[in-house]
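There are 2 protein chains.
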Amino acid sequence: MATIARLAGVSPPTVSRVLNGRSDVAADTRRRVEQLLREHGYRRPGAILPSPRIEVVFYGLETNLAIEMMRGVQAVVNEHDLGLGFTEVPADPSARQRSWCDRLLTQRPTGVIIVHSQFTAEQHAQLAAGAIPLVAADPNGQPTQPVPSVSAANWQGAVAATRHLLELGHRQIGVIGGPVESLYARERMEACRAALEIAGVPLRPRLARTGEFSFESGLAHGSELLSQPDPPTALLCANDLQALGVCKAARQLGLRIPQDLSVVGFDGIDAGNWCDPALTTVRQPFRDIGAAAANLLLALIAGPVPALTRVELPTTLVVRDSTAPPRS
Amino acid sequence: MATIARLAGVSPPTVSRVLNGRSDVAADTRRRVEQLLREHGYRRPGAILPSPRIEVVFYGLETNLAIEMMRGVQAVVNEHDLGLGFTEVPADPSARQRSWCDRLLTQRPTGVIIVHSQFTAEQHAQLAAGAIPLVAADPNGQPTQPVPSVSAANWQGAVAATRHLLELGHRQIGVIGGPVESLYARERMEACRAALEIAGVPLRPRLARTGEFSFESGLAHGSELLSQPDPPTALLCANDLQALGVCKAARQLGLRIPQDLSVVGFDGIDAGNWCDPALTTVRQPFRDIGAAAANLLLALIAGPVPALTRVELPTTLVVRDSTAPPRS
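Residue numbers (my numbering), protein chains in the order written: chain A, 28 to 355; chain F, 28 to 355.
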């Protein structure tokens, strides 16, 4: 460590800070030290005896989905006698940046699965420098370096949902999207738009909204869309929570589902089955996504880093009671 | 180890099996070996450098509650720079007995929180022999040795729910309980019974049922209770899922909530807010339960084992739209 410090022109504690993944090191110092460490074949002691566990890191957690994904990961890691760690990144962005990355680098999990990630280039570089293998599930951000990832077929699912409404005879179809910064929310939105356009009933701007993945967002946008003169007869939602909010908005306006309004969600959360009417939705295979992410991660851990891998699992349209032909 | 083996009259591999928490050792042999190990001040090597992590083990997982509890545990373990592990015990009882205990003993977490546990005396002895500190949250079983535990005020919550219905004027009140083998389900059921009896409207056997903590159970028992001549005007349910099932049963029978039937749940899950009408319920502080369990566990890890500790956190009646006075 003294040698590296001398060559890099820094103090040994600075080298130690780099090795420990601390963020209080200037970016170019970190790069210089890391470069020297690599050149001298240094492996941090922790890397030789890592704590044998796979860590799953959640951003913007939707509770039901998280547990299904954990179940899928657990099934795989159990087979390999690894532990399973859980981290939720707090919603507060100012508090989040430093802590979870630093913590992971200190705790040395065998590998990390990041769910709904929005990690920054710096965080990615930090994890890469720590040599902790990383897989993303449903990545939302655009990491500067490629990260192997697992996702579901958002595009195909949204197309299937749109075609379902078209086949029922709807022509006044509205779409509520997810956050603009979410890649997969955009994918769903654009798939609806494309399917509508190809069917010759292009999405009208007055029937398209961008919302959040929440009940409250569905309630607000639903109320507004359904209060218009000539309102939509069907709404495609960014996820199930939003769709449940739309259902509440419809009831508040005295509209019956599915007689007066058809509603389609996305995800397949349990609550879609508990509400009345049961929600038509596009089911994502969260357990399979978790298992696939774990398998991909174990492949990364076992061997040389493969080329960028992307696994896309199928989604399934589940037709329940919230969709019907429009009243003529 | 050879000394212990000689004193115990067993082979060294048997001592090793006891140290590793394996279950293929006769109970009295295990006790004899453990006694000798204690007398000779033996600490297993793994115990000196445990993997720094708190493990949360879930039985019979309800997804929404689990994440809230994990959030509470995470807030505490983060402060102490510990990792957070997640284990779900599979529902299949034949597969479950051995694996999770053995796995924990191999992985050596710093401590274990068991949620909705039904662990056996043998499992408890196994964990005790492994010297892994243990706290139970919402314990369902009766471990043969005392385990510090954290729970919510089930009795007070169920009394508050019952009094709420009585104050609204209901006299035909039915109760659907949880599984008979669940201590806290029984606590809720008996609290309802006591509150009704004290109010002079004792629970009639024809209006009392024992079910499961599930939507399907609420649907089945609700359908049956509400199809009776002279049906109940209000139902107290063992949890929110069951209450949502009762709501569906009511709608199938053409009954309006709350005009024709009042329904009260227990837990305070998110879905109770997303359904229509929003569910009156008894909220449990799951995040606080997780945090309290983690703090209790850290106290156990830090110091000498305290006397049996039981922490009970308050529950809160949350009145929403599923309860109203009975039609006169």
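The set of hints was computed from the structure by calculation and includes no laboratory data. Every residue gets a Cβ at the ideal spot worked out from N, C-alpha and C, and that includes glycine. A few of these clues could be false.
To list a few chain F residues with every Cβ distance to chain A over 12 angstroms, as calculated [stated by the list, open to error]:
#1 G36
#2 P40
#3 I225
#4 L230
Label-pair restraints from in silico Cβ distances [as the list claims (entries may be wrong)]:
#5 F:V207 / A:E194: 25 to 33 angstroms
#6 A:L210 / F:P352: 48 to 56 angstroms
#7 F:H107 / A:P40: 21 to 29 angstroms
#8 A:Q286 / F:G227: 43 to 51 angstroms
#9 F:A102 / A:A226: 46 to 54 angstroms
#10 A:P232 / F:E194: 45 to 53 angstroms
#11 A:P352 / F:R337: 56 to 64 angstroms
#12 A:T147 / F:E194: 50 to 58 angstroms
#13 F:S43 / A:T147: 41 to 49 angstroms
#14 A:I328 / F:T56: 36 to 44 angstroms
#15 A:D348 / F:Q199: 29 to 37 angstroms
Which bits of chain A does chain F cover? Going by a derived footprint, with three or more residues having C-beta under 8 angstroms, they are [as the list claims (entries may be wrong)]:
#16 91-103
#17 274-283
#18 297-303
Let me make sure I understand: some of the numbered hints might not hold for this structure. Which ones are they, in numerical order?
The structure conflicts with hint 5 only, although it agrees with all the remaining ones.
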